[in-house]
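Quick note, the sequences are listed as chains S and W, same order. With numbering that gives the first Met the number 0, the residue at position 122 of the first sequence is 121, and numbering never jumps. With numbering that gives the first Met the number 0, the residue at position 93 of the second sequence is 92, and numbering never jumps.
Hints listed in this document are in silico derivations from the structure and should not be mistaken for laboratory results. Incorrect hints may appear among the rest.
[Claimed, not checked] Pairs of lysine-lysine, DSS-like flavour, derived with a Cα cap of 25 Å:
#, chain 1, residue 1, chain 2, residue 2
1, S, Lys29, W, Lys86
2, W, Lys44, W, Lys72
3, S, Lys173, W, Lys319
4, W, Lys86, W, Lys146
5, W, Lys86, W, Lys72
6, W, Lys76, W, Lys86
7, W, Lys146, S, Lys29
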Amino acid sequence: MTFQAGVFYFFSAVLLWSAAMVVTIRNPVKAALFLVLAFVSAASLWMLAEAEFLAIVLVLVYVGAVMVLFLFVVMMIDVNLAVLRQGFGEYLPIGGLVAVLMVIEIALAVGPRQFPAMRAGVSPAIVHHLSNTRELGTLLYTTYVYPFEVAAVILLVAIIAAIALTMRRRPDTKYQDPARQVEVRAQDRMRLVKMPAEPKA
Amino acid sequence: MAHLIALWGAFPGWSRIFLWDLVKIVAIIVPLMLSVAYLTFIERKVIGYMQVRIGPNRVGPRGWLQPIADGLKLLLKEIIVPSGANKTLFVLAPVLALLPALVAWAVIPFTNTLVLANVNAGLLFVLAATSMGVYGVVVAGWASNSKYAFLGCLRSAAQIVAYEIAMGFALVGVLMAAGTLNLRRIALEQAGGFWHWLFLPLFPLFLVYFISGVAETNRAPFDVAEGESEIVAGFHVEYSGMTFALFFLAEYANMILLSALTAILFLGGWLPPFDFAPFTWVPPLAWFLIKVAAILFLYLWLRATFPRYRYDQIMRLGWKVLIPVTLVWIGVMGFVIFFTPWAFLFYR
Numbered sequence: 000m001t002f003q004a005g006v007f008y009f010f011s012a013v014l015l016w017s018a019a020m021v022v023t024i025r026n027p028v029k030a031a032l033f034l035v036l037a038f039v040s041a042a043s044l045w046m047l048a049e050a051e052f053l054a055i056v057l058v059l060v061y062v063g064a065v066m067v068l069f070l071f072v073v074m075m076i077d078v079n080l081a082v083l084r085q086g087f088g089e090y091l092p093i094g095g096l097v098a099v100l101m102v103i104e105i106a107l108a109v110g111p112r113q114f115p116a117m118r119a120g121v122s123p124a125i126v127h128h129l130s131n132t133r134e135l136g137t138l139l140y141t142t143y144v145y146p147f148e149v150a151a152v153i154l155l156v157a158i159i160a161a162i163a164l165t166m167r168r169r170p171d172t173k174y175q176d177p178a179r180q181v182e183v184r185a186q187d188r189m190r191l192v193k194m195p196a197e198p199k200a
Numbered sequence: 000m001a002h003l004i005a006l007w008g009a010f011p012g013w014s015r016i017f018l019w020d021l022v023k024i025v026a027i028i029v030p031l032m033l034s035v036a037y038l039t040f041i042e043r044k045v046i047g048y049m050q051v052r053i054g055p056n057r058v059g060p061r062g063w064l065q066p067i068a069d070g071l072k073l074l075l076k077e078i079i080v081p082s083g084a085n086k087t088l089f090v091l092a093p094v095l096a097l098l099p100a101l102v103a104w105a106v107i108p109f110t111n112t113l114v115l116a117n118v119n120a121g122l123l124f125v126l127a128a129t130s131m132g133v134y135g136v137v138v139a140g141w142a143s144n145s146k147y148a149f150l151g152c153l154r155s156a157a158q159i160v161a162y163e164i165a166m167g168f169a170l171v172g173v174l175m176a177a178g179t180l181n182l183r184r185i186a187l188e189q190a191g192g193f194w195h196w197l198f199l200p201l202f203p204l205f206l207v208y209f210i211s212g213v214a215e216t217n218r219a220p221f222d223v224a225e226g227e228s229e230i231v232a233g234f235h236v237e238y239s240g241m242t243f244a245l246f247f248l249a250e251y252a253n254m255i256l257l258s259a260l261t262a263i264l265f266l267g268g269w270l271p272p273f274d275f276a277p278f279t280w281v282p283p284l285a286w287f288l289i290k291v292a293a294i295l296f297l298y299l300w301l302r303a304t305f306p307r308y309r310y311d312q313i314m315r316l317g318w319k320v321l322i323p324v325t326l327v328w329i330g331v332m333g334f335v336i337f338f339t340p341w342a343f344l345f346y347r
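The task is simple: from the sequences and hints, build the whole structure.
Dropping the structure here:
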């Protein structure tokens with residue numbers, strides 16, 4: 000077994016274990032933290048496959064931003080697991096069917112048959128002098144520029160829709176206007192009043 | 000000696016690489032930890048003099064052994080785990096805070112040749128590593144089972160997400176000007192005197208990067224995650240002894256890391272400010288350390304000067320000031336580079 004194979008099996012084992020923990024552990028905060036571990040192990044596997052740009056972006060976007068917001072929400076809500084577990088047996092057959100279908104779909108979509116170059120083996124000399132990031136960027140902004148932009152617009156629509164659905168103006172909310180705060184002068188807020196000293200009774 | 004070399008040759012190839020890298024890592028971590036210890040001392044001294052006091056001067060000559068005494072004290076103190084706390088996560092949190100701060104040093108070039116891993120996507124790697132630092136704070140706040148710690152961790156999560164965007168956009172400007180993600184080559188792009196350094200064409204981005212760096216490291220005036228006057232000590236209120244010391248180490252290691260990055264990205268890294276005689280005599284590593292020290296001094300100066308921001312003002316500054324500034328400047332850069340004859344201003 001080569002060193003790379005050892006690293007691969009280690010991170011694969013961690014990935015599978017942490018992914019299993021995400022769905023089985025009772026505490027939602029711990030589940031979110033295991034999901035972080037799963038992302039990091041997946042990124043390590045990609046790194047091993049010399050897809051360093053994808054690996055780093057996975058950590059940067061999912062671990063560094065998405066999961067932080069996720070944890071933010073999960074920490075504040077009080078999940079009652081007993082309610083969540085109700086009807087586990089009822090939903091088991093249909094849920095299992097969906098899971099099996101998903102696995103088959105994933106195997107068809109990203110199975111070894113879809114990557115002929117991977118099976119043929121690209122010579123490492125070609126891979127090494129290419130910058131992963133530059134190649135991906137060139138492809139994204141030339142060949143695939145329309146799908147890429149369409150995806151971006153769809154995401155933008157989703158963001159605006161989410162804001163539009165949840166935003167409600169509350170009449171009793173108080174706002175501050177920093178520009179007006181900065182412009183304020185002492186005489187606007189304070190009035191000096193001259194008063195005669197009161198005589199002693 | 001001969002059979003030591005023979006013994007070294009007897010190791011399998013990968014373990015030799017592994018051991019040699021381990022030696023290099025120790026050669027980075029040990030000086031870094033020493034700098035962290037003495038940065039705390041210098042901070043107390045500098046702030047002391049700025050506030051017309053003397054600062055620590057009792058332990059050793061002129062107080063030079065103060066950080067050693069502090070370290071020993073923290074090492075010997077008891078670690079108290081609050082009741083109802085999640086023990087595993089409570090102990091894991093300071094480690095999660097410290098590790099990313101150390102990992103990022105793997106790709107920092109100290110000089111043209113002195114770098115542990117000269118990777119192509121170095122800048123992205125640093126961003127990814129530093130973005131994981133927030134987990135230490137968030138996990139600490141949640142695992143402590145304390146209201147103040149929890150408030151501190153929520154503040155920190157929101158703040159870091161906001162300022163990371165500004166920081167990322169500021170770095171997009173650097174990428175546009177340097178044309179590479181490799182930290183070593185970004186520094187080399189700035190060769191030939193200080194008027195080629197990126198802080199001049201990218202001045203707004205330089206300011207945004209520095210300010211969001213201060214916010215990312217939870218330093219004053221952005222230290223609402225600690226906020227002694229409102230939430231006691233924020234996320235580390237329940238920590239004592241060595242676990243507390245690890246949070247401290249992480250904060251100062253992050254400070255030094257961000258100063259080193261600022262030096263490499265905007266101030267020419269190890270390159271001298273003038274390309275002629277007396278300046279080129281100074282070794283490159285010394286230039287690098289001088290720049291890092293100067294930026295660190297700015298951090299201390301800020302802390303001694305400014306009061307803490309109010310929480311909503313921090314959010315306003317991040318979302319409504321810093322991010323628009325970076326977006327506008329990136330647009331200006333793109334326009335100038337592609338549609339005007341003045342592209343040389345940004346792109347060599």
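To see whether the hints hold, each was checked on the structure:
no.: 1; hint: Lys29(S) / Lys86(W); verdict: 12 Å, holds
no.: 2; hint: Lys44(W) / Lys72(W); verdict: 20 Å, holds
no.: 3; hint: Lys173(S) / Lys319(W); verdict: 18 Å, holds
no.: 4; hint: Lys86(W) / Lys146(W); verdict: 17 Å, holds
no.: 5; hint: Lys86(W) / Lys72(W); verdict: 23 Å, holds
no.: 6; hint: Lys76(W) / Lys86(W); verdict: 18 Å, holds
no.: 7; hint: Lys146(W) / Lys29(S); verdict: 19 Å, holds
The structure is consistent with each of the numbered hints, conforming to all of them.
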